[in-house]
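One-letter residues, chain by chain:
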Amino acid sequence: MSTLEFTTLVAIGSLLAGMLGALTGLGGGVVIVPLLTLAFGVDIRYAIGASLVSVIATSSGSAAAYLKEGFSNMRVGMFLEMATTIGAITGAYLAASTPTRAIAIIFGIVLLYSAYSANKPPKDLPTDEPPDRYATLLKLDGSYPTAVGEEHYHVRNVPAGFGLMYVAGVLSGLLGIGSGAVKVLAMDQAMRIPFKVSTTTSNFMIGVTAAASAGIYLHRGYIDPGIAMPVMLGVLAGALIGARILPGARVQVLRLVFSLVIAALAVEMIFKGVKGSF
Amino acid sequence: MSASQAWGDKRFEVMIGKLLRFGVILAAAFVFAGGIRYLIHFGGAAPDYKAFRGEPGALRYTRQIIHDAVDLDARGLIQLGLLLLIATPLARVAFSVIGFALEKDWMYVGITLIVLALLIYSLSSS
Chain A
1 MSTLEFTTLV AIGSLLAGML GALTGLGGGV VIVPLLTLAF GVDIRYAIGA
51 SLVSVIATSS GSAAAYLKEG FSNMRVGMFL EMATTIGAIT GAYLAASTPT
101 RAIAIIFGIV LLYSAYSANK PPKDLPTDEP PDRYATLLKL DGSYPTAVGE
151 EHYHVRNVPA GFGLMYVAGV LSGLLGIGSG AVKVLAMDQA MRIPFKVSTT
201 TSNFMIGVTA AASAGIYLHR GYIDPGIAMP VMLGVLAGAL IGARILPGAR
251 VQVLRLVFSL VIAALAVEMI FKGVKGSF
Chain B
1 MSASQAWGDK RFEVMIGKLL RFGVILAAAF VFAGGIRYLI HFGGAAPDYK
51 AFRGEPGALR YTRQIIHDAV DLDARGLIQL GLLLLIATPL ARVAFSVIGF
101 ALEKDWMYVG ITLIVLALLI YSLSSS
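Protein sequences appear in the order of chains A and B.
Be aware that the first sequence starts at 1, since it is given in the numbering used here, and climbs by one per residue.
Be aware that the second sequence starts at 1, since it is given in the numbering used here, and climbs by one per residue.
Hints listed in this document are in silico derivations from the structure and should not be mistaken for laboratory results.
From the three backbone atoms N, C-alpha and C, an ideal C-beta is built for every residue, glycine too.
Check before you lean on any hint, since a few could be wrong.
Stated by the list, open to error - Only pairs whose alpha carbons sit at most 27 Å apart, straight line, appear in this in silico BS3-like list of lysine-lysine:
hint	chain 1	residue 1	chain 2	residue 2
1	B	104	A	68
2	A	120	A	196
3	A	275	B	50
4	A	139	B	50
5	A	272	B	104
6	A	196	A	139
7	A	68	A	196
8	A	68	B	50
9	B	104	B	18
10	B	18	A	196
11	A	68	A	139
To be verified - Partial pick of chain A residues on the chain B-facing surface, computed with a CB cut under 10 Å:
hint	residue
12	44
13	211
14	249
Said to hold, decoys possible - A short list of chain B residues far from chain A (calculated; beta carbon distances all over 12 Å):
hint	residue
15	67
16	70
17	71
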C-alpha cells in the first residue's frame with residue numbers, strides 16, 4: 001500500500017466515523033483508534049495522537065452551533081474543567097508508562113460502556129431537593145430557556161461529579177477520546193444537570209480536555225503528520241455533514257447499528273490486548 | 001446575579017463560537033495545504049506505522065514547527081495546522097477569563113486562570 005492509498009483510505013474511514021459520531025452523539029473519536037490499529041495496523045500511540053486531534057476539531061468546529069442555543073452553563077463547565085485538565089495531563093503522562101496492550105484492554109472496556117450508555121434514553125432526574133452547599137458556594141445553579149419560560153435547576157453532588165470528571169480526564173488523556181460517556185455519567189447521573197445543559201456544556205469541555213493532553217502528545221512525538229492529516233480533515237468534514245443531515249435522520253436505528261459496530265471493535269481490542277498482539 | 005452578565009449576553013457567546021470556527025478553518029487550511037505537498041512528495045512511498053519510533057524533534061517543538069512551516073515543508077505545515085487547532089480551546093478559555101471579568105466574578109476569573117495555566121503548561125512542556 002502506498003502513502004497515497006493509505007491517506008485516501010484513512011480519510012474515507014475518518015469521514016464515515018465523523019459523520020456517524022455526529023449523528024449518534026457518540027463522537028467520532030471513539031472509532032478512530034480501533035480503525036487505525038485494527039484495520040491499518042498503526043501503532044496505538046500514533047492512533048491515539050491522531051484521535052485527540054480529531055476530538056479537538058469536532059469540539060471547536062461545532063461550538064458555534066452549540067453556543068447559539070444558549071443551554072451551556074459556563075460556570076459548571078469551567079469548574080469541572082479543572083478536574084478534566086488535571087486528569088488529562090495525568091492520563092497523558094500515564095500513557096508513556098502503560099504497556100500498549102493494557103491501553104488496548106482499557107480502551108475496549110470504555111468502548112463497551114460508551115456503546116451501552118448511548119442507548120439508554122436520556123432521563124432528567126428530579127431536582128426538587130434543597131440546594132447543594134458547594135453548588136451554592138460555586139454559583140453552579142442555573143437556568144435554561146424552554147417554550148414555557150426559564151427552567152431553573154439545582155446542581156447536586158458536586159464533589160462526586162468533580163471526582164468523576166477527573167476520571168473522564170484521565171481516560172481522555174490515556175486513550176485519546178472525548179470520554180463523553182463518563183462526562184454524561186458525572187453531569188447527568190451524579191450532578192443531576194438537565195441533559196440539554198450537560199450535552200452542550202460537555203461539548204465545550206471535550207475540546208479543552210483533549211487540548212490539555214494533545215500538547216504533551218505533540219511534544220512527545222506521538223502526533224504524526226501523515227496520520228493526523230487525513231484523520232483530522234476526514235473527521236471534521238464528516239462531523240459537519242453529519243450535523244447538517246441530523247434533523248432528518250432516523251437516529252435511533254443508526255445509533256443501535258453504530259453501537260453494535262463499536263461493541264464488536266471493543267471485543268476485538270480486548271481480545272488482541274489479552275493475546276498480546278498490541 | 002447582576003444584569004450585566006456577559007454569559008447571559010448571547011452575542012458574546014456567538015462571537016466566541018464564530019472565532020473558534022475561524023480558528024478551525026484556518027487550521028484545516030494549513031493541514032490541507034501541507035497534506036497536498038506531503039502527497040506530492042511522499043505519495044508513492046510505502047507508509048510504515050506498525051513500529052513506533054516517535055517523531056523527530058523538528059515535528060515536536062513549536063519553534064521548529066514554525067521554522068519548517070515558513071520553509072513550506074509539507075510536514076511542518078501540517079504540524080503548524082495541528083498546533084493552531086490545539087490552540088483553539090486555549091483561546092476559548094482565554095476569552096472566558098474576559099467574560100467572567102466583565103461580570104466582575106473574580107472567583108471564576110481565578111478558576112478560569114487555573115485552567116488556562118494548566119493548558120499552557122501542557123503546550124509548553126517537553
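Results of checking the hints against the structure:
With a C-alpha separation of about 23 Å, the suggested pairing of residue 104 (chain B) with residue 68 (chain A) holds against the 27 Å cut-off. Note on residue 120 (chain A) and residue 196 (chain A): the hinted pairing holds, with a Cα-Cα distance of about 15 Å set against a maximum of 27 Å. For the proposed pair residue 275 (chain A) and residue 50 (chain B), the alpha carbon gap of about 17 Å is at most 27 Å, so the pair holds. A distance of roughly 50 Å separates the Cα atoms of residue 139 (chain A) and residue 50 (chain B); the hinted pair therefore is violated under the 27 Å criterion.
About 54 Å separates the Cα atoms of residue 272 (chain A) and residue 104 (chain B), which puts this hinted pair outside 27 Å; it is violated. Restraint check: the Cα-Cα separation between residue 196 (chain A) and residue 139 (chain A) comes to about 19 Å, which is no more than 27 Å; the hinted pair holds. Between residue 68 (chain A) and residue 196 (chain A) the alpha-carbon distance is near 13 Å, which keeps this suggested pair within the 27 Å criterion. Taking the CA atoms of residue 68 (chain A) and residue 50 (chain B), the gap is near 43 Å; set against the 27 Å cutoff, the hint is violated.
Between residue 104 (chain B) and residue 18 (chain B) the CA atoms are separated by roughly 24 Å; this keeps the pair inside 27 Å, and the hint holds. With a C-alpha separation of about 21 Å, the suggested pairing of residue 18 (chain B) with residue 196 (chain A) holds against the 27 Å cut-off. Among the hinted pairs, residue 68 (chain A) with residue 139 (chain A) is consistent with the structure: their alpha-carbon atoms are about 22 Å apart, no more than 27 Å. With a cut of 10 Å, the hint placing residue 44 (chain A) at the interface with chain B holds, because the nearest CB-to-CB distance is about 8 Å.
The interface hint given for residue 211 (chain A) is met, as the beta carbon of that residue sits about 4 Å from the closest beta carbon of chain B, less than 10 Å. At a threshold of 10 Å, the smallest CB-CB gap from residue 249 (chain A) to chain B is about 23 Å, leaving the interface hint violated. Distance check for residue 67 (chain B) against chain A: the nearest CB is about 15 Å away, which clears 12 Å, and the non-interface claim stands. Annotated as non-interface, residue 70 (chain B) keeps its C-beta farther than 12 Å from every C-beta of chain A; the closest such distance is 16 Å.
With a least CB separation of 15 Å from chain A, residue 71 (chain B) remains clear of the 12 Å interface cut-off, as annotated.
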